[in-house]
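Trainee: Numbering (this note's numbering), first residue to last: 1 to 116.
Hints are computed from structural coordinates only; laboratory data are not their basis. Keep in mind that the hints are not guaranteed to be accurate.
Distance windows between CB atoms, simulated [what the hints assert, rightly or not]:
# : residue 1 : residue 2 : range
1 : Arg83     : Val107    : 43 to 51 Å
2 : Pro62     : Ile113    : 42 to 50 Å
3 : Val64     : Met87     : 22 to 30 Å
4 : Ser91     : Ala69     : 52 to 60 Å
Model, not experiment: these values are computed from the prediction. Idealized CB from N, CA, C, for every residue including glycine.
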Amino acid sequence: MPGGRLSSARFVPYSNRVDSKTYKSYNLYMNSVTSSHARQNWAETVEAARHEPLIITDHGRPTVAVMDAALAKLALQVLEDSRDIEMALASLAKVDNGEPTYTLAEVAAELGITRD
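Please work from the sequences and hints to get the whole structure.
Mentor: So this is what it looks like as structure tokens:
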């Protein structure tokens with residue numbers, strides 16, 4: 001895009017199949033475009049976002065990120081996995097600190113649930 005901010009962006013093409021190794025050490029810097037520019041050049045903005053994430057700014061402030069759907073799905077999976085790991089480690093720390101544990105049968109009995 002002549003004169004636009006996207007024309008100077010460095011694109012690193014990748015296949016539609018995204019794996020965790022591709023983004024293992026992702027650089028936190030992302031190219032950005034203004035919301036006006038993105039709106040006026042939407043097709044080019046989307047095409048650029050297929051190659052690397054873009055930040056769309058409004059009045060100089062980051063508003064939204066546009067990225068390849070496979071990358072977004074991977075990022076959400078990694079975020080969910082890291083939260084699961086954090087919760088599991090917190091539970092293990094409680095056990096290590098001597099907090100009581102309960103069997104499923106004990107919890108069911110306490111709640112008045114019968115197991116068939």
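Trainee: Next, verify each hint and record whether it holds.
Mentor: Status of each hint after checking the structure:
| no. | hint | result |
| --- | --- | --- |
| 1 | Arg83 with Val107: 43 to 51 Å | violated, 23 Å |
| 2 | Pro62 with Ile113: 42 to 50 Å | holds, 47 Å |
| 3 | Val64 with Met87: 22 to 30 Å | holds, 29 Å |
| 4 | Ser91 with Ala69: 52 to 60 Å | violated, 33 Å |
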